[in-house]
Amino acid sequence: MSAKINPWGSVRSLAIRTRPTRSCPGRPGALTAAAAVARRGLTHDTTTRPPSDDASIPPPSTAEYEAKPLEIFAPNFLNAEALAALEQAAAGQDMYGEDGEGLKFGMPERPGKHEQLQDRYHPVIEQVTKLLMRDGKLSKAQRHMSLILNFLRTSPAPKVSPLRPLLPGSPPASHLPLNPLLYLTLAIDSVAPLVRVKNMKGMAGGGQALELPEPLAARARRRIAVMWILDVVNRKKSTGSGRAQFATRFGQEIVAVVEGRSSVWDKRQMIHKLGTGARANLSHPAVSGRRK
Amino acid sequence: MASTNCWRCLARPSQRLLLAPASMTAASSNPTSAAFSTSTQLAARSTSGDTGMSRHIRTGKRLILGKKKRQGDKHKTPGPGERKAFRKRIQLSNDNALVVPGLAELTAQNVVDPGAVGQVVGIPVDVVDQLRTCEAFKSTQNWGLFRSPHMLIRKETVDMAQQLTDAVAKKETLRMVVTGDRGSGKSILGLQALATGFLNKWVVINIPEAQELTTAATEYSTVHNSDMFSQPVYIVKLMQAIHKANGPILSQCRVELDHMQLPISVTRNMSLAALINATKEPEFAWPVFQAFWKELLRPGRPPIMFALDGLAHIMRVSDYRSPAFELIHSHDLGLVRMFAEALGGKTPFPNGAAVLAVCSRGNAPILPSMDKALEQAAAIQAGAKAEEVPLRDAFYRKYDERVFEALRGVRVLDVRGVTKHEARSLMEYWAASGVLRLRVDEKNVSDRWTLAGGGVLAEMERVSLYDIRATV
Numbered sequence: 001m002s003a004k005i006n007p008w009g010s011v012r013s014l015a016i017r018t019r020p021t022r023s024c025p026g027r028p029g030a031l032t033a034a035a036a037v038a039r040r041g042l043t044h045d046t047t048t049r050p051p052s053d054d055a056s057i058p059p060p061s062t063a064e065y066e067a068k069p070l071e072i073f074a075p076n077f078l079n080a081e082a083l084a085a086l087e088q089a090a091a092g093q094d095m096y097g098e099d100g101e102g103l104k105f106g107m108p109e110r111p112g113k114h115e116q117l118q119d120r121y122h123p124v125i126e127q128v129t130k131l132l133m134r135d136g137k138l139s140k141a142q143r144h145m146s147l148i149l150n151f152l153r154t155s156p157a158p159k160v161s162p163l164r165p166l167l168p169g170s171p172p173a174s175h176l177p178l179n180p181l182l183y184l185t186l187a188i189d190s191v192a193p194l195v196r197v198k199n200m201k202g203m204a205g206g207g208q209a210l211e212l213p214e215p216l217a218a219r220a221r222r223r224i225a226v227m228w229i230l231d232v233v234n235r236k237k238s239t240g241s242g243r244a245q246f247a248t249r250f251g252q253e254i255v256a257v258v259e260g261r262s263s264v265w266d267k268r269q270m271i272h273k274l275g276t277g278a279r280a281n282l283s284h285p286a287v288s289g290r291r292k
Numbered sequence: 001m002a003s004t005n006c007w008r009c010l011a012r013p014s015q016r017l018l019l020a021p022a023s024m025t026a027a028s029s030n031p032t033s034a035a036f037s038t039s040t041q042l043a044a045r046s047t048s049g050d051t052g053m054s055r056h057i058r059t060g061k062r063l064i065l066g067k068k069k070r071q072g073d074k075h076k077t078p079g080p081g082e083r084k085a086f087r088k089r090i091q092l093s094n095d096n097a098l099v100v101p102g103l104a105e106l107t108a109q110n111v112v113d114p115g116a117v118g119q120v121v122g123i124p125v126d127v128v129d130q131l132r133t134c135e136a137f138k139s140t141q142n143w144g145l146f147r148s149p150h151m152l153i154r155k156e157t158v159d160m161a162q163q164l165t166d167a168v169a170k171k172e173t174l175r176m177v178v179t180g181d182r183g184s185g186k187s188i189l190g191l192q193a194l195a196t197g198f199l200n201k202w203v204v205i206n207i208p209e210a211q212e213l214t215t216a217a218t219e220y221s222t223v224h225n226s227d228m229f230s231q232p233v234y235i236v237k238l239m240q241a242i243h244k245a246n247g248p249i250l251s252q253c254r255v256e257l258d259h260m261q262l263p264i265s266v267t268r269n270m271s272l273a274a275l276i277n278a279t280k281e282p283e284f285a286w287p288v289f290q291a292f293w294k295e296l297l298r299p300g301r302p303p304i305m306f307a308l309d310g311l312a313h314i315m316r317v318s319d320y321r322s323p324a325f326e327l328i329h330s331h332d333l334g335l336v337r338m339f340a341e342a343l344g345g346k347t348p349f350p351n352g353a354a355v356l357a358v359c360s361r362g363n364a365p366i367l368p369s370m371d372k373a374l375e376q377a378a379a380i381q382a383g384a385k386a387e388e389v390p391l392r393d394a395f396y397r398k399y400d401e402r403v404f405e406a407l408r409g410v411r412v413l414d415v416r417g418v419t420k421h422e423a424r425s426l427m428e429y430w431a432a433s434g435v436l437r438l439r440v441d442e443k444n445v446s447d448r449w450t451l452a453g454g455g456v457l458a459e460m461e462r463v464s465l466y467d468i469r470a471t472v
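Residue numbers (the UniProt record's numbering), protein chains in the order written: chain A, 1 to 292; chain B, 1 to 472.
Derived from the structure by calculation, the hints contain no laboratory data.
Warning: the hint list may mix true and false statements.
[As the list claims (entries may be wrong)] Derived BS3-like pairs (lysine-lysine); straight-line CA-CA distance at most 30 Å:
#, chain 1, residue 1, chain 2, residue 2
1, A, K140, B, K88
2, A, K236, B, K84
3, B, K201, B, K88
4, B, K138, B, K201
5, B, K443, A, K104
6, A, K267, B, K155
7, A, K159, B, K76
8, A, K237, B, K76
9, B, K138, A, K237
10, A, K137, B, K155
11, B, K372, B, K155
12, A, K113, B, K443
13, A, K130, B, K84
14, B, K138, A, K137
15, A, K236, B, K201
16, B, K88, A, K130
17, B, K201, B, K237
18, A, K137, A, K237
19, B, K88, A, K236
20, B, K280, B, K88
21, A, K130, A, K198
22, A, K237, B, K372
23, B, K443, A, K236
24, B, K237, A, K159
25, B, K244, B, K138
26, B, K138, A, K140
27, B, K76, A, K140
28, B, K88, A, K137
29, A, K140, B, K84
30, B, K155, A, K104
31, B, K420, A, K104
32, B, K88, A, K237
33, B, K170, B, K155
[Stated by the list, open to error] To give a feel for the contact side, a few chain B residues facing chain A, derived at Cβ under 8 Å:
#, residue
34, R87
35, G144
36, R147
37, V435
Using N, Cα and C, we set each Cβ at its ideal position, and we do this for glycine too.
Full structure from sequences and hints, please.
Set out below in structure tokens:
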């Protein structure tokens, strides 16, 4: 009979032999090292016999008691593997044995616990690509996205206008073209609005809506900015044809945003003005819940 | 318009005053002009003549009867040809990309050197100009991402260049068809062959897109006393390209024949460059081009490289119609017949020549005749006996005998993916240019090579240069 201990999930099974073993052909060193683990003492004398009245059977003599030999792990391959893993762990190495033995390029990285298929792309790339998508044609939108990134790579470095400052801490403009993802993210994040104005119907009294500013999360801010940019792009007349023409228009608008020429900045300013004005309504009794 | 709010935060001017009083004191303590003034409006009203009394005050609410007038489009519409020019634009440099130092230039020596396999080399500037003139660069290729045009010397390049130069050195004719999978680099191989021709100072004639000749997109006319048709406008363009790309070589050759039948006067001491540049009249184009071709085929002239991209388009019945409204076979078009005869080995080239036909896989009609002819040519090239050569389908009626004639005895170069060694040097070039933001090690090279279906170059570019995964 063998018992199993299972200290870690990957150390698959560790069978303990309770009867004395005849011989262990395999790994003598491993077995001696494992003896310390096996010394539990619980499985030795757990059974009790009822005393028998029959005299023919002599009572067990205590003098002849021999201590049972230490239980040793059964010499099968599962135990050998598990013991090797334990030894590795004791030596401070990786217990899982994922150093890629037999693999040409090592083990691939394990996906993290919360990683999903969608995490394949950068969040900005993924969001903008899905916003570019029309009629569910994701592959076409991805093609557009890569053409946009290549447009940003090949267009000359932008001249950032001091009137429309970009996000603080942004790299110099000459660094942007060779890092098109940063270029795109910087343009979108810089022009994204900080607040939106929520209309609370009838709360101002007299059937009038009460305008309340509301802060936006990063993803929502980016979404609004991209939709504004897309509005401009779709209104712009195409001067080219072929598959790169949409990407060129979009890329030109991104460059215009970074250079401060884009009309998207005015939209942002309008929203900010409205939101700043509507801040007064936050102390409105209908919102704060206080009486006058 | 002056902004009242801060651009980055939501602070108002009053708050900004509180935040930074030092910077605002000069402006706020000493106002020089009023914040609001109606003087300009008043001045405008007084100069315009009317007093303003008779004008309709509520202009915004005037009653409008009838249909609304649609506002004209304010945007400038693109001019004729502008949209196509955008699509076909070829950009050969990108000032943002980094300069890759230490790369050799392409020479006539290293293109035939087996030791140079796997190197990325730059194309010399004058060869770039010549290649651009004969339209060897295509708009679908990614030249525009890098600082200057560079290309990979692969095994097939050296193989092909060796065959070309050996045949020309022996004054033979090499007739070769480049086939291969979609995106495996056939057109780039054709470009490398053209570059070899320019570096070796051959006369290079290139037809960049065969489909321009057969899809009834250019003008055509009958040729007097023959069953052929000429495409005069295209031939004028081609002659100018030949003159511009091969000018120095052609100007060293003199006209040797009498061309009495030509409508222009051609004298014996004219150079061939002058001959081909003699006319821009479409009606004289075909006779002049024929005279030029005859002159080129005289002994003692430089070797010829005649290349064409998109072979399948000239191996079928064209979209043109004869005066009897019957479809014209492509080989009845003058220029196409010239190429087909050269490829089929009917034209003798006493000075050595290389006739190169590049197939295209993305844009090509399905032609059983051409497939079978190339299959047979490949079998013969591989050393098959006469009975082992694949036979034609006995139950297919529509085989085109002229296609088999045009492809008889050609050499077939089948292009596959690059090796991992070549892929690595290419990816190192991309990374050194700053376009590919990735550590180029064995694992990543192997990764991209495998993703690209075993090193198919267009797919490698797609997974490396058109990748939208975050690699930063």
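Okay, the hints, checked on the actual structure:
1. Proximity of K140/A to K88/B is assessed by CA-CA distance (about 21 Å); at most 30 Å being required, the pair is judged to hold.
2. A distance of roughly 18 Å separates the Cα atoms of K236/A and K84/B; the hinted pair therefore holds under the 30 Å criterion.
3. Restraint check: the Cα-Cα separation between K201/B and K88/B comes to about 29 Å, which is no more than 30 Å; the hinted pair holds.
4. In summary, the hint linking K138/B to K201/B is supported, as the alpha carbons are separated by about 23 Å, within the 30 Å threshold.
5. At most 30 Å may separate the alpha-carbon atoms for a hinted pair to count; K443/B and K104/A meet this at roughly 9 Å.
6. Note on K267/A and K155/B: the hinted pairing is violated, with a Cα-Cα distance of about 57 Å set against a maximum of 30 Å.
7. This hinted pair checks out: K159/A and K76/B have alpha carbons roughly 26 Å apart, not beyond 30 Å.
8. The hinted pair formed by K237/A and K76/B meets the criterion: a straight-line CA distance of about 8 Å does not exceed 30 Å.
9. Between K138/B and K237/A the alpha-carbon distance is near 26 Å, which keeps this suggested pair within the 30 Å criterion.
10. A C-alpha spacing of about 39 Å is found between K137/A and K155/B, which places the hinted pair above 30 Å, so the restraint is violated.
11. For a cut-off of 30 Å, the pair hint linking K372/B to K155/B stands: about 26 Å separates their Cα positions.
12. With a C-alpha separation of about 25 Å, the suggested pair K113/A and K443/B falls inside the 30 Å cut-off, and the hint holds.
13. With a C-alpha separation of about 29 Å, the suggested pair K130/A and K84/B falls inside the 30 Å cut-off, and the hint holds.
14. Using a Cα cut-off of 30 Å, the hinted pair K138/B and K137/A holds, with the two alpha carbons roughly 27 Å apart.
15. Distance check on the hinted pair: K236/A and K201/B sit about 49 Å apart at the alpha-carbon level, beyond 30 Å; violated.
16. Simply put, K88/B and K130/A have alpha-carbon atoms about 29 Å apart, close enough for the 30 Å limit, and the pair holds.
17. Between the alpha carbons of K201/B and K237/B the distance comes to roughly 22 Å, so the proposed pair stays at or under 30 Å and holds.
18. A threshold of 30 Å between alpha carbons decides the hint, and for K137/A with K237/A the separation of about 23 Å falls inside it, so the pair holds.
19. Note on K88/B and K236/A: the hinted pairing holds, with a Cα-Cα distance of about 21 Å set against a maximum of 30 Å.
20. Simply put, K280/B and K88/B have alpha-carbon atoms about 24 Å apart, close enough for the 30 Å limit, and the pair holds.
21. For the proposed pair K130/A and K198/A, the alpha carbon gap of about 25 Å is at most 30 Å, so the pair holds.
22. With a C-alpha separation of about 48 Å, the suggested pairing of K237/A with K372/B is violated against the 30 Å cut-off.
23. At most 30 Å may separate the alpha-carbon atoms for a hinted pair to count; K443/B and K236/A exceed this at roughly 44 Å.
24. This hinted pair does not check out: K237/B and K159/A have alpha carbons roughly 41 Å apart, beyond 30 Å.
25. About 19 Å separates the Cα atoms of K244/B and K138/B, which keeps this hinted pair within 30 Å; it holds.
26. A C-alpha spacing of about 22 Å is found between K138/B and K140/A, which places the hinted pair at or below 30 Å, so the restraint holds.
27. For the suggested pair K76/B and K140/A, the alpha carbons sit about 28 Å apart, so the restraint of at most 30 Å is met.
28. Annotation: proposed proximity of K88/B to K137/A holds, straight-line Cα distance about 25 Å (limit 30 Å).
29. Annotation: proposed proximity of K140/A to K84/B holds, straight-line Cα distance about 21 Å (limit 30 Å).
30. Proximity of K155/B to K104/A is assessed by CA-CA distance (about 26 Å); at most 30 Å being required, the pair is judged to hold.
31. As the CA atoms of K420/B and K104/A are separated by approximately 15 Å, the hinted pair is consistent with the 30 Å bound.
32. Restraint check for K88/B and K237/A: satisfied, since their Cα atoms lie roughly 19 Å apart, inside the 30 Å limit.
33. This hinted pair checks out: K170/B and K155/B have alpha carbons roughly 23 Å apart, not beyond 30 Å.
34. A hinted interface residue such as R87/B counts as satisfied when its beta carbon comes closer than 8 Å to some beta carbon of chain A; here the least separation is about 4 Å, so the hint holds.
35. Among the interface hints, the one on G144/B holds; its C-beta lies about 6 Å from the nearest C-beta in chain A, closer than the 8 Å criterion.
36. For R147/B, the interface hint is violated, since its Cβ never comes within 8 Å of a Cβ in chain A; the closest pair sits about 11 Å apart.
37. Interface restraint check: V435/B against chain A, minimum CB-CB distance 7 Å, threshold 8 Å, status holds.
This entry does not satisfy hints 6, 10, 15, 22, 23, 24 and 36, going by the numbered hints stated previously.
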